[in-house]
Amino acid sequence: MISKPERGLEMTPEASQPMTKFKLPLRLKDKRRRTVYLVMAILVFTTVLTIPTIIPKGVNLAVATSGLLDNLRIMMLQPAPSNTTMESLMVALFQSIALAFLTTLVGAVIAFFIALMAARNLAPTWLINIVQTVMALIRAIPTILWVLIYSVALGLGANAAVIGLTFHSVAYLVKVYADSIDEISGDTLSALRAMGVGFWPLVSQVIFPTIASSLLSWTFIRFEINFANAVAVGAAAGAGGISYQLFMASGFYFDFHEVGMIVYLILAFTIPLEIISYKLRSRYIKRATK
Amino acid sequence: MKNQVMDSSKFFMRKRLNLSIVIGLMIVLYVGASLILNFNSAAFLYVDRGIIWLAKNFVPNSHSIQYWGIILQALLRTLIVSVAATTVAGVLALGLALAGAKTTGPSQTLSWLIRGFASIMRNIPIVGWAMLLLFSFKQNDFTGFLALLFLSIGFLTRAFMETIEAVDVEKIQALEVTGANYLQVISQAVIPEITTPLVSWLLYMIENNLRDATLVGLLTGTGIGFVFDLYFKSLRYGPAGLVVLAIIVLVIGVELVSNQVERRIAI
Amino acid sequence: MLEVKQLTKTYDGGKRSLQDVSFTAQPGEVTVIIGPSGAGKTTLLRSINQLITDDSGQIRFDDQDICALNKRDLKHIRSKIGMIFQNYNLIESLTTIENVLHGGLARKSTIAGVLSLYTKQEKEEALQLIDEVGLKDFAFQYCSDLSGGQKQRVGIARSLMQHPEMILCDEPIASLDPKSTIIVMDILKKLAKKRGMLVLINLHQVDIAKEYADHIIGLNDGHIVFDGPADQASSQDIERIYRDSAFVTS
Numbered sequence: 001m002i003s004k005p006e007r008g009l010e011m012t013p014e015a016s017q018p019m020t021k022f023k024l025p026l027r028l029k030d031k032r033r034r035t036v037y038l039v040m041a042i043l044v045f046t047t048v049l050t051i052p053t054i055i056p057k058g059v060n061l062a063v064a065t066s067g068l069l070d071n072l073r074i075m076m077l078q079p080a081p082s083n084t085t086m087e088s089l090m091v092a093l094f095q096s097i098a099l100a101f102l103t104t105l106v107g108a109v110i111a112f113f114i115a116l117m118a119a120r121n122l123a124p125t126w127l128i129n130i131v132q133t134v135m136a137l138i139r140a141i142p143t144i145l146w147v148l149i150y151s152v153a154l155g156l157g158a159n160a161a162v163i164g165l166t167f168h169s170v171a172y173l174v175k176v177y178a179d180s181i182d183e184i185s186g187d188t189l190s191a192l193r194a195m196g197v198g199f200w201p202l203v204s205q206v207i208f209p210t211i212a213s214s215l216l217s218w219t220f221i222r223f224e225i226n227f228a229n230a231v232a233v234g235a236a237a238g239a240g241g242i243s244y245q246l247f248m249a250s251g252f253y254f255d256f257h258e259v260g261m262i263v264y265l266i267l268a269f270t271i272p273l274e275i276i277s278y279k280l281r282s283r284y285i286k287r288a289t290k
Numbered sequence: 001m002k003n004q005v006m007d008s009s010k011f012f013m014r015k016r017l018n019l020s021i022v023i024g025l026m027i028v029l030y031v032g033a034s035l036i037l038n039f040n041s042a043a044f045l046y047v048d049r050g051i052i053w054l055a056k057n058f059v060p061n062s063h064s065i066q067y068w069g070i071i072l073q074a075l076l077r078t079l080i081v082s083v084a085a086t087t088v089a090g091v092l093a094l095g096l097a098l099a100g101a102k103t104t105g106p107s108q109t110l111s112w113l114i115r116g117f118a119s120i121m122r123n124i125p126i127v128g129w130a131m132l133l134l135f136s137f138k139q140n141d142f143t144g145f146l147a148l149l150f151l152s153i154g155f156l157t158r159a160f161m162e163t164i165e166a167v168d169v170e171k172i173q174a175l176e177v178t179g180a181n182y183l184q185v186i187s188q189a190v191i192p193e194i195t196t197p198l199v200s201w202l203l204y205m206i207e208n209n210l211r212d213a214t215l216v217g218l219l220t221g222t223g224i225g226f227v228f229d230l231y232f233k234s235l236r237y238g239p240a241g242l243v244v245l246a247i248i249v250l251v252i253g254v255e256l257v258s259n260q261v262e263r264r265i266a267i
Numbered sequence: 001m002l003e004v005k006q007l008t009k010t011y012d013g014g015k016r017s018l019q020d021v022s023f024t025a026q027p028g029e030v031t032v033i034i035g036p037s038g039a040g041k042t043t044l045l046r047s048i049n050q051l052i053t054d055d056s057g058q059i060r061f062d063d064q065d066i067c068a069l070n071k072r073d074l075k076h077i078r079s080k081i082g083m084i085f086q087n088y089n090l091i092e093s094l095t096t097i098e099n100v101l102h103g104g105l106a107r108k109s110t111i112a113g114v115l116s117l118y119t120k121q122e123k124e125e126a127l128q129l130i131d132e133v134g135l136k137d138f139a140f141q142y143c144s145d146l147s148g149g150q151k152q153r154v155g156i157a158r159s160l161m162q163h164p165e166m167i168l169c170d171e172p173i174a175s176l177d178p179k180s181t182i183i184v185m186d187i188l189k190k191l192a193k194k195r196g197m198l199v200l201i202n203l204h205q206v207d208i209a210k211e212y213a214d215h216i217i218g219l220n221d222g223h224i225v226f227d228g229p230a231d232q233a234s235s236q237d238i239e240r241i242y243r244d245s246a247f248v249t250s
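These protein sequence lines map, in sequence, to chains V, U and W. Taking the working numbering, I'd label the letters of the first sequence as residues 1 to 290. Taking the working numbering, I'd label the letters of the second sequence as residues 1 to 267. Taking the working numbering, I'd label the letters of the third sequence as residues 1 to 250.
Think of the hints as simulated: they come from the structure by calculation, not from any bench. Everything numeric in this text was worked out from a predicted model, so none of it was measured. Some hints here could point you the wrong way.
[Unchecked claim] Think about it this way: if two alpha-carbon atoms lie no more than 25 Å apart in a straight line, the pair counts; the simulated SDA-like pairs of lysine to any residue are: (1) V:Lys279 with U:Leu94; (2) W:Lys120 with U:Met13; (3) W:Lys108 with V:Lys57; (4) U:Lys102 with V:Lys57; (5) U:Lys15 with V:Pro209; (6) U:Lys10 with V:Lys57; (7) W:Lys179 with W:Ile208; (8) W:Lys108 with U:Leu19; (9) U:Lys171 with U:Val249; (10) V:Lys175 with U:Val249; (11) W:Lys179 with W:Phe140; (12) V:Lys57 with U:Lys138.
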């Protein structure tokens, strides 16, 4: 495109190159800068207008802040179980880990097959559009709502929690898996197709080995998210776990010693998870992750 | 040649063995996790029930229309509170990230301190933050704002730090050797390099906060989450369905806008 | 024998195209298509196994018109055509032997293909081919660890695993250093001479073409401007093939 007008200059690359190099980024940059400034302006404007309206009237902020700091201090510096035993907290932690594991594993298996229908180099456009739209709809409904809906439809308990959380898991993983599959060179796929390799052998011999490592990283990231979700919404579904203990300690007994203990238990699990996930990610996923 | 044929048999055997071990382990863990949770795998057969239930009960009828005003107002509040929490968190996180990144920060110790702080902020569960804040700040939008703010600070600090560390050190050094001071290097070399990912992280965070706002609102009795909870618990499923619809439209709308912005600012 | 008759192809933009291209290529010979980039070499090669569909014309191979085949027959004939690419198109996260075995997947059942259940004969044959292209010590190495020349040789072994009657090579040496170029070209020449295969190669290096080809086809702007034995291609002919190329190429 750009080389067209400069065709006559082809003999003197030293003269033409700086010109194209100089022109292109500036032109792009202008549009980029305008968009960036516009986004920033909207964000700041909204914030400045919003903050005064949310300052509560009946609350003394100084008192509230010092109360918050006191409670934080109790939480972080004097953690102790009081309304329940350490053992039952540990059991609860494992229940939440189990919930996160189940929803990740099931989500990953289902999502892999659906992603094959949502990848540009494998499926026809109409199918991709249908699948991606359905997944976007599922993602748009917050996890907590899925869990509440299933806890009414299936009754309170682990079943509702697993299925409600799996929904979101699948919708998220389909998107990232399909993106990973899209990155496989279409040339390589058509080369193997031309050799007479059928669809399922292509999936197992080409697609899976090529994206296995990024699949692993993404699934691990989802495991982190699912654990956070299990902690957040497990209680709402009546699935028990650390979520229930946390809810009782903070919302029922107002016992911040115990909340602190629970937070430390959660940190003991999530921080190693975060480190592993970071290592996997920096090794296998090049671009910034979401 | 013969040796190699044997090698190849061994190679494929080992590969299959590894795969079998992984699959076996997953099955064992699956069964174990199901037992711990008291989860019945047959429940997957009833996935349709939720959808059917949703389609049957959550259909807004003409009666629900009268709730539009309240729902829209709550939705708007939720949106602007999410935006405000993300923006404030973004400003604070950028400062923390610059001070904590290996390439731009003053010391290793500070870097670890900030990393630890971000990690703790991120990993204190939403429920914990919500209850803690509710206890001191009572039931109002400010509580929801603070809960989202604290979660976002943790997340964005980590994201920004990784982004800054991805900037080529040589680009920073190239400016340093010209005699530019610290602030000049930051504003001329680091910030321009990270603007695009920064904006895209902010937009992602707004999307995420919108989703979390439902839960936070449910717990702290504010915004759209509170409105949903109110209708859901009083079995007014028509308006509850309207709330879900409104959330879907808002989240997808924000997603589309941020996709558009990302396309325009992509390098 | 491969017979191309009045092949015509126009892209949507109408830019690069083939116009009325006709030629024949014989088994046991190395046929090289040369021409400036943008002359339509890749389009020509890819229409032969219908990776690109042409607008009109005939491609006869094995007494069948490839352009007129239904999906199933096309699949069958494609499995008899090996293809070598400039960027190798290997699965880099797998080993040499696995990539070579992919060449035989068309003959296997779906389930055996999915589970990598290869027979002893297949493994023997794959190792034989790996040995033949001089990669005996690299059979169990991951392809991501191989050099460009080695990758291209894996590509050749993989295409031989298909038991092809014809091999199409799309700029096989464009990304290779001089030493690897000679190794790869020697192997391709050997396939024609020893196995009696029909070898069709796209090249843009004239010197390599003259050294290795039995038969040269010169393509310029979608037209055939030279068609004859390699030793008959004079410097005037070469000049004609590359005529105006500085202004025509994009």
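These are the hints, each one checked on the structure:
no.	hint	result
1	V:Lys279 with U:Leu94	23 Å, holds
2	W:Lys120 with U:Met13	13 Å, holds
3	W:Lys108 with V:Lys57	75 Å, violated
4	U:Lys102 with V:Lys57	43 Å, violated
5	U:Lys15 with V:Pro209	12 Å, holds
6	U:Lys10 with V:Lys57	74 Å, violated
7	W:Lys179 with W:Ile208	12 Å, holds
8	W:Lys108 with U:Leu19	21 Å, holds
9	U:Lys171 with U:Val249	43 Å, violated
10	V:Lys175 with U:Val249	19 Å, holds
11	W:Lys179 with W:Phe140	24 Å, holds
12	V:Lys57 with U:Lys138	11 Å, holds
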